[in-house]
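Just so you know, the protein sequences line up as chains B and E, in that order. Oh and the first sequence: position 380 is 380 in our numbering, straight run, nothing missing. Take the position in the second sequence, starting the count at 1, then add 1000; the result is the number in our numbering.
Derived from the structure by calculation, the hints contain no laboratory data. Think of the CB as a built atom: it goes at the ideal place given N, C-alpha and C, for glycine as much as any other residue. Hints should not be assumed to be uniformly reliable.
[To be verified] Simulated DEER-style distance windows between Cβ atoms:
1. E:A1034 / B:P232: 48 to 58 Å
2. E:G1050 / B:A357: 53 to 63 Å
3. E:G1117 / B:V117: 42 to 52 Å
4. E:A1034 / B:S228: 31 to 41 Å
5. E:V1104 / B:N195: 22 to 32 Å
6. B:P180 / E:C1097: 42 to 52 Å
7. B:R73 / E:E1057: 52 to 62 Å
8. B:E300 / E:D1098: 28 to 38 Å
9. E:A1034 / B:A129: 21 to 31 Å
10. B:R264 / E:P1044: 46 to 56 Å
[To be verified] Listed next, the in silico SDA-like pairs over lysine to any residue satisfying Cα-Cα at most 25 Å (straight line):
11. B:K301 / B:R277
12. B:K301 / E:V1104
13. B:K100 / B:Y67
14. B:K100 / B:G5
15. E:K1036 / B:S63
16. B:K361 / B:T377
17. E:K1036 / B:W135
18. B:K19 / B:A267
19. E:K1036 / B:D250
20. E:K1036 / B:K100
21. E:K1036 / B:K361
22. B:K19 / B:D252
23. E:K1036 / B:G248
24. B:K19 / E:V1104
25. B:K19 / B:S63
26. B:K100 / B:V233
27. B:K301 / B:R351
28. B:K100 / B:D46
29. E:K1036 / B:D252
30. B:K230 / B:K19
31. B:K230 / B:L70
32. B:K301 / E:R1072
33. B:K301 / B:N312
34. B:K100 / B:A30
35. B:K19 / B:N127
36. B:K361 / B:H181
37. E:K1036 / B:P131
38. B:K301 / E:H1103
39. B:K301 / B:K361
40. B:K361 / B:P180
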Amino acid sequence: MTVRGAACIVGAYEHPTRKAPDTSLAQLHAEVALGALADAGLTLRDVDGYFCAGDAPGLGPLSMVDYLNLRVRHVDSTDVGGSSYLLHVSHAAQAIAAGKCDIALITLAGRPRSEGVATGTTARAGNPAQPDVQWEYPYGPTIANMYAMCATRHMHEFGTTSEQLAWIKVAASHHAQHNPHAMLRDVVTVEDVVNSPLVAAPLHRLDCCVISDGGGALVVARPEIARSLKRPVVMLRGAGEAVKGQMGGDVDLTFTGARWSGPRAFAEAGVTPADIRYASIYDSFTITVLMQLEDLGFCEKGQGGRFVADGNLISGVGRLPFNTDGGGLCNNHPSNRGGMTKVIEAVRQLRGEAHPAVQVKDCALALAHGTGGSLGTRHGSATLILERM
Amino acid sequence: MAGRSIPFSPASPDSAPFWQAAGEGRLLLRRCEACKRVHWYPRPICPHCGGATAWEEASGRGTIYSHSVMRRAPEPYAIAYVRLEEGTTMMTNIVDCDFDAIHVGQPVRVVFVPRDGAPPMPMFTPEAAA
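Can you build the whole structure from these sequences, using the hints too?
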């Protein structure tokens, strides 16, 4: 079985809020669900599959199915952190191909900004039964310093510089200036990034993504249904997933799970990185983007620094326009999980509905890629290749 | 390490010998009785081949594979992966040194840093500082 051509993204919605102190988590999930269904021209009654991850309140999908009063015949609450929602698109297509559902709803929401979570700079113990906790948590691993260790090693092996990493933030900021909802709309320079305070060396404050409230949702449907709706048809052409850990102590911080999930997606889609017109690349930190670009095959391993420099990721300027909404680095990072918004901006680009200043001409083939968890220890990786029909 | 309190994590049923040895200033590893490879973190079942593993004492020497000094913290600290002489890589902290001089490839040796209410934690310090 293949997911190629098995399903289409028929609805996509990004919550405009970036701070929601007076809205419950469940209500945020419901608002994005209704937004995506309205975008598709569908209603809650049409949904027969529901997908969510650990950001949803309650036990797996149960509370949100109850809250929304859905009547579903298929659910999936696989949680691979921020990459969950890309993986859900693939799993929804599998379920549709298997006849388990016809119209799948995927939701994400969170309020870490209102809740004052020090997302990237506080070590989190996790479940005491998690086998790694006693061997890692006492050392103070945070999101920021684990990604920073990947950057340190990349710099050591390949000569990557802080200035090259900074170009990734610069490109994101060029896009975010056109997004009225983006948290950071000011265009920044390489100097701004490298002169911002160190958070976890060698990563500076502006190498890090924002912390925001908000959310997003997608509706995935059978192609016959997609063609009956009044929206441009965005077909899933290929998908890949992977989990990378510390490999029993053979730790290698120079690559991500994209090295495995990317080729799987490209093989299924029957295309190559050179065919991709637009890429949504998970951007929890600048180093995340650089390593994933290498692993997805947009450049050789070790050449990411050169690839991203001089505006190569800026729409209308460079070879590979990325994260044209401003991404997690400038726009938003709802629930500290950036995978949903990666898919949403790719859908906008394929429909021709991105901001005119950043819209890629004739964007018929796009890639969306996510990393969830921590690059340094263990993470999920999910790649989607999407096509406008 | 003055200032940063090292959090305590619950031990698992299979890790008691490790923490007892740590209290005696010895670093233990597990090696597979089938494939003979060491691994980290310690597990009774070998992550390389699925074989049964047994404790052995490590030399306590290694080199820094990667590192980061956490600056946005009440007390800055250095996290690292250290490649042990025996051929496996563990997460740790680098202590008792100039954080700005920490570098990839730097030779380090184990030291045991006390914690409140728990066995000491194996950390590493540059060999030159010995």
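Verification of the hints:
The hinted range of 48 to 58 Å is satisfied by A1034 of chain E and P232 of chain B, whose Cβ atoms lie roughly 56 Å apart. Distance hint check: the CB atoms of G1050 of chain E and A357 of chain B are about 55 Å apart, consistent with the given range 53 to 63 Å. Distance hint for G1117 of chain E and V117 of chain B: a CB-CB separation of about 27 Å, inconsistent with the stated range 42 to 52 Å. The hinted range of 31 to 41 Å is not satisfied by A1034 of chain E and S228 of chain B, whose Cβ atoms lie roughly 58 Å apart.
In this structure the hint that V1104 of chain E and N195 of chain B lie 22 to 32 Å apart at CB holds, the actual value being about 24 Å. A beta carbon spacing of about 48 Å between P180 of chain B and C1097 of chain E agrees with the range 42 to 52 Å that was offered as a hint. At about 57 Å, the CB distance of R73 of chain B to E1057 of chain E agrees with the hint of 52 to 62 Å. A C-beta distance of roughly 36 Å is found between E300 of chain B and D1098 of chain E, which places it inside the suggested range of 28 to 38 Å.
With their beta carbons about 26 Å apart, A1034 of chain E and A129 of chain B fall inside the hinted range of 21 to 31 Å. The supplied range of 46 to 56 Å is broken by R264 of chain B and P1044 of chain E, whose beta-carbon atoms lie about 32 Å from each other. At most 25 Å may separate the alpha-carbon atoms for a hinted pair to count; K301 of chain B and R277 of chain B meet this at roughly 21 Å. Note on K301 of chain B and V1104 of chain E: the hinted pairing holds, with a Cα-Cα distance of about 20 Å set against a maximum of 25 Å.
At most 25 Å may separate the alpha-carbon atoms for a hinted pair to count; K100 of chain B and Y67 of chain B meet this at roughly 22 Å. Proximity of K100 of chain B to G5 of chain B is assessed by CA-CA distance (about 16 Å); at most 25 Å being required, the pair is judged to hold. Note on K1036 of chain E and S63 of chain B: the hinted pairing is violated, with a Cα-Cα distance of about 48 Å set against a maximum of 25 Å. Proposed proximity of K361 of chain B and T377 of chain B is contradicted: the alpha carbons are some 39 Å apart, above 25 Å.
A distance of roughly 22 Å separates the Cα atoms of K1036 of chain E and W135 of chain B; the hinted pair therefore holds under the 25 Å criterion. With a C-alpha separation of about 40 Å, the suggested pairing of K19 of chain B with A267 of chain B is violated against the 25 Å cut-off. Our distance criterion of 25 Å between C-alpha atoms is met by K1036 of chain E and D250 of chain B, whose separation comes to about 15 Å. For the proposed pair K1036 of chain E and K100 of chain B, the alpha carbon gap of about 46 Å is over 25 Å, so the pair is violated.
A distance of roughly 57 Å separates the Cα atoms of K1036 of chain E and K361 of chain B; the hinted pair therefore is violated under the 25 Å criterion. With a CA separation close to 37 Å, the supplied pair K19 of chain B and D252 of chain B exceeds the 25 Å bound. A distance of roughly 13 Å separates the Cα atoms of K1036 of chain E and G248 of chain B; the hinted pair therefore holds under the 25 Å criterion. Of the pairs offered as hints, the one joining K19 of chain B and V1104 of chain E is violated, with about 40 Å between alpha carbons and a cut-off of 25 Å exceeded.
Between K19 of chain B and S63 of chain B the CA atoms are separated by roughly 23 Å; this keeps the pair inside 25 Å, and the hint holds. The straight-line distance between the Cα atoms of K100 of chain B and V233 of chain B is roughly 21 Å, inside the 25 Å bound, and the hint therefore holds. Only pairs whose Cα atoms come within 25 Å are accepted, and K301 of chain B paired with R351 of chain B is rejected, the gap being roughly 32 Å. The straight-line distance between the Cα atoms of K100 of chain B and D46 of chain B is roughly 14 Å, inside the 25 Å bound, and the hint therefore holds.
A hinted pair counts as satisfied when its Cα atoms are at most 25 Å apart, and K1036 of chain E with D252 of chain B qualifies at roughly 21 Å. Distance check on the hinted pair: K230 of chain B and K19 of chain B sit about 32 Å apart at the alpha-carbon level, beyond 25 Å; violated. A C-alpha spacing of about 24 Å is found between K230 of chain B and L70 of chain B, which places the hinted pair at or below 25 Å, so the restraint holds. Taking the CA atoms of K301 of chain B and R1072 of chain E, the gap is about 30 Å. The hint is violated against a cut of 25 Å.
Taking the CA atoms of K301 of chain B and N312 of chain B, the gap is near 17 Å; set against the 25 Å cutoff, the hint holds. For the proposed pair K100 of chain B and A30 of chain B, the alpha carbon gap of about 23 Å is at most 25 Å, so the pair holds. Of the pairs offered as hints, the one joining K19 of chain B and N127 of chain B is violated, with about 28 Å between alpha carbons and a cut-off of 25 Å exceeded. Straight-line distance between C-alpha atoms of K361 of chain B and H181 of chain B comes to about 23 Å, which keeps the hinted pair within the 25 Å bound.
For the given pair, K1036 of chain E sits about 22 Å from P131 of chain B by alpha-carbon distance, which is consistent with the 25 Å threshold. At roughly 22 Å between alpha-carbon atoms, K301 of chain B and H1103 of chain E fall within 25 Å of each other, so this suggested pair holds. For the hint linking K301 of chain B to K361 of chain B, the alpha-carbon distance of about 28 Å lies beyond 25 Å, and the restraint is violated. Between the alpha carbons of K361 of chain B and P180 of chain B the distance comes to roughly 22 Å, so the proposed pair stays at or under 25 Å and holds.
Hint violations for this structure: numbers 3, 4, 10, 15, 16, 18, 20, 21, 22, 24, 27, 30, 32, 35, 39, all remaining hints satisfied.
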